[in-house]
Amino acid sequence: MTEEPILKINSIEVKYHEVILVLKGVSIEVPQGGIVALLGANGAGKSTTLKAISGLLKHEDGKVSDGNIVFLGDRIDKKNAEDIAKSGIVQVIEGRRVFEHLTVEQNLVVGAHLRRDRRAVKDGLEMVYHYFPRLKEKRNETAGFISGGEQQMTVVGRALMANPKLMLLDEPSMGLAPMLIKEIFNIITRLHEESKISILLVEQNAKLALSVAPYAYVMENGRIVMDDTAEKLLENPDIKDFYLGLTDLGTRKSFREVKHYKRRKRWLT
Amino acid sequence: MQYLPCGIYHEYYQQDHAWWQTRFVIGKMILLGIFIFYILPFWGGLYWVGVATLTIYTIMGALGVQLLIGYCGQVTLGHAAFIAVGAYTATLLTLQLHLPYLLSMFIGGLVAGLWSVLFGLPSAKVKGFYLIMTSLAAQFVTVDFILTQYVSQIGGRGQAFSLPPGSITIGPLVLDSDLKVYFLGAVLTILLTMGLANLLRSKVGRAWIAIRDNDIAAETMGINIITYKLMAFFVAGFIGGIAGAFWVSTLAALSPEHFQWFWSLWLVGVILIGGVGSIYGTIFGSLFMVLIMEGLKFIIIPLTPVYPALTMKFLFLKEATFGLAICLFLIYEPNGLAYRWWQIKNYFNLWPFSY
Chain A
3 MTEEPILKIN SIEVKYHEVI LVLKGVSIEV PQGGIVALLG ANGAGKSTTL
53 KAISGLLKHE DGKVSDGNIV FLGDRIDKKN AEDIAKSGIV QVIEGRRVFE
103 HLTVEQNLVV GAHLRRDRRA VKDGLEMVYH YFPRLKEKRN ETAGFISGGE
153 QQMTVVGRAL MANPKLMLLD EPSMGLAPML IKEIFNIITR LHEESKISIL
203 LVEQNAKLAL SVAPYAYVME NGRIVMDDTA EKLLENPDIK DFYLGLTDLG
253 TRKSFREVKH YKRRKRWLT
Chain B
107 MQYLPCGIYH EYYQQDHAWW QTRFVIGKMI LLGIFIFYIL PFWGGLYWVG
157 VATLTIYTIM GALGVQLLIG YCGQVTLGHA AFIAVGAYTA TLLTLQLHLP
207 YLLSMFIGGL VAGLWSVLFG LPSAKVKGFY LIMTSLAAQF VTVDFILTQY
257 VSQIGGRGQA FSLPPGSITI GPLVLDSDLK VYFLGAVLTI LLTMGLANLL
307 RSKVGRAWIA IRDNDIAAET MGINIITYKL MAFFVAGFIG GIAGAFWVST
357 LAALSPEHFQ WFWSLWLVGV ILIGGVGSIY GTIFGSLFMV LIMEGLKFII
407 IPLTPVYPAL TMKFLFLKEA TFGLAICLFL IYEPNGLAYR WWQIKNYFNL
457 WPFSY
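Going line by line, the protein sequences match chains A and B.
Numbers in the working numbering are just positions in the first sequence, counted from 1, shifted up by 2.
Numbers in the working numbering are just positions in the second sequence, counted from 1, shifted up by 106.
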């Protein structure tokens, strides 16, 4: 990482309701045009990190109480959500939040809310349909009635319509069939290669995430406990145990061993 | 352009977004126009013109409620307040300052819109039940306090503004007959409905629907939630104000009693029955409510010789029917009449092969 990273989080602390300390000094860098994965168990603070970046914390009475977030040289941790969106960060919220009474195409057009130019909106639509041909077939269908995978595509497509510089993807694989997950991840990889968007990917499925992202951070209990390139993380015995669920032989473990590893995990944090 | 929608392929966005896509639809619209502007007023008789005028007023009032509840997700139970603001502003401007009626109607709409924005401000912080409470505040503060205690005192008559026949004029045309009022209302309703329907197809409308469906996702798309919510309040208030200013032309005297809280509730009932989130729903709901209440009269009047107390209890019966209708609709057709209409249309689109 020689050039200036597009997003730099400097040891932020996030508190909810002024008392619950969720992030205890998290630092993350996303390089220009790179994909970075953020791994971790439930409750580790991954989604909170994304919300801190996109300014959605105030909906849950949370705030960044220490540290700062720098995006393209500007501090954004004090800005509100729609200014952050204007500066070029778009978050794909977890759980496929389509606008369910609008059609697929209207959903996409809402994504282009900040773009003034009609021409650009049309080009954006063409681009999204190019990446997600399935959405073109469904363009006039109400988004609440399409399948989960198509909804996820709609949501990712909607984020693309805003022409973002940085896309925050929160668990794109949640609740989808493995085949569809593969399709969506293939599209994300293609997208990244062709349009050079930087992506910060939050994912439970560590194997999948590490196959897409060349660099990853591992979070636990509100801290970054490890960060390395994907190859090295895949080699790391702890990661193998905790996130990939494999021993050296590639078999699942017995309960006794898991308990033993839990002890090791504590050491890790 | 073809007659029926089957087998049409759109090649341009313009075709895709056209209002009326087939000749069949245009034909229907022409028939509807003939019905509204010729058959009903000239062949229908004064009674039906009166019923139609009430329907028109209900449609205009309910449009604003539909926008707030159905399209922006901001539940309001105080819309009569904004109708009242429009009515009072227009009346005061016409009677005291002798402004032309249409101009004062427009100003009435603007004032009502701004008043609505004032009471929409809490929506930046609160949602759901608490917002209902603030909208109730709008009703009671505006109608029961400001209008009753202060505004009604202007001119020194105490309770009501008298509107003698002939006091409302559009240029040289004096609005003194039911028929003229009906025509004015029909034109206004068509303009407002088309305006709102078009607004809902635009960027603003999509932003409103996005806020209704998922406000957090809308915010990540860069939609300024507060601005758009207030914009919805303004437009709803404006439409309400126009409705109020129009209603003035049918009245002989204007008093706060025309805008009681029950009327706010009534408008919410109208869109519940018609269908939330649909312009059709507003129109069907208004038709249904007005016609049912008129039909009730025809049922009650023959019964009065047998059971004379019914005449005394008519008002009670009206409210009970209102409640019953809403209950039945929520249980059996929660999506309202508009959904039924949509199903019927789809059935005929596919007829005779149902899939």
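Worth flagging that the hints you see were computed from the coordinates, not collected in a lab.
A few of these clues could be false.
Over 10 angstroms on every C-beta distance to chain A, these chain B residues come out as not near it, computed from the model [unchecked claim]: (1) W125; (2) I145; (3) D282; (4) A303; (5) I322; (6) L409.
Below, in silico cross-link-like pairs of lysine-lysine (PhoX-like), each with a Cα-Cα straight-line distance of 25 angstroms or less [stated by the list, open to error]: (7) K231/B to K124/A; (8) K233/B to K309/B; (9) K60/A to K80/A; (10) K167/A to K134/B; (11) K424/B to K88/A; (12) K231/B to K88/A; (13) K184/A to K209/A; (14) K81/A to K124/A; (15) K81/A to K233/B; (16) K60/A to K403/B; (17) K209/A to K198/A; (18) K80/A to K231/B; (19) K81/A to K424/B; (20) K88/A to K60/A; (21) K403/B to K424/B; (22) K198/A to K184/A; (23) K403/B to K80/A; (24) K88/A to K198/A; (25) K231/B to K140/A.
Here's a subset of chain B near chain A, in silico, CB distances under 10 angstroms, partners left out [stated by the list, open to error]: (26) K309; (27) R312; (28) A316; (29) A324; (30) T333.
Note that beta-carbon positions come from the ideal geometry of N, C-alpha and C, so glycine has one too.
| When you check the alpha-carbon spacing of K184/A and K209/A, does it fall within 25 angstroms? | holds, 12 angstroms
| field | Satisfaction of hint between K60/A and K88/A, Cα-Cα up to 25 angstroms | value | holds, 18 angstroms
| Does K184/A lie within 25 angstroms of K198/A when you go C-alpha to C-alpha? | holds, 20 angstroms
| said: Hint check: K231/B vs K124/A, CA-CA at most 25 angstroms. Holds or violated? | reply: violated, 35 angstroms
| Does K198/A lie within 25 angstroms of K88/A when you go C-alpha to C-alpha? | holds, 19 angstroms
| task | Mind checking the CB of K309/B against every CB in chain A and telling me if the closest is under 10 angstroms? | result | holds, 7 angstroms
| Taking the closest pair, is the beta carbon of I322/B still more than 10 angstroms from chain A? | Nearest chain A Cβ is 6 angstroms from I322/B, so the label is violated.
| field | Satisfaction of the A324/B interface hint, Cβ to chain A closer than 10 angstroms | value | holds, 7 angstroms
| said: If I take the minimum Cβ distance from I145/B to any residue of chain A, is it greater than 10 angstroms? | reply: About 35 angstroms separates I145/B from the closest Cβ of chain A, which puts it past 10 angstroms; holds.
| Check on L409/B being off the interface with chain A, judged by Cβ distance over 10 angstroms | Label holds. Min Cβ-Cβ 44 angstroms, cutoff 10 angstroms.
| field | Satisfaction of hint between K80/A and K60/A, Cα-Cα up to 25 angstroms | value | Holds: K60/A and K80/A sit about 11 angstroms apart, inside 25 angstroms.
| task | Measure nothing beyond the straight line between the CA atoms of K167/A and K134/B; if it is 25 angstroms or shorter, mark the hint as holding. | result | violated, 49 angstroms
Checked against the numbered hints given earlier, the structure breaks hints 5, 7, 10, 11, 14, 16, 19, 23 and 25 and satisfies all the rest.
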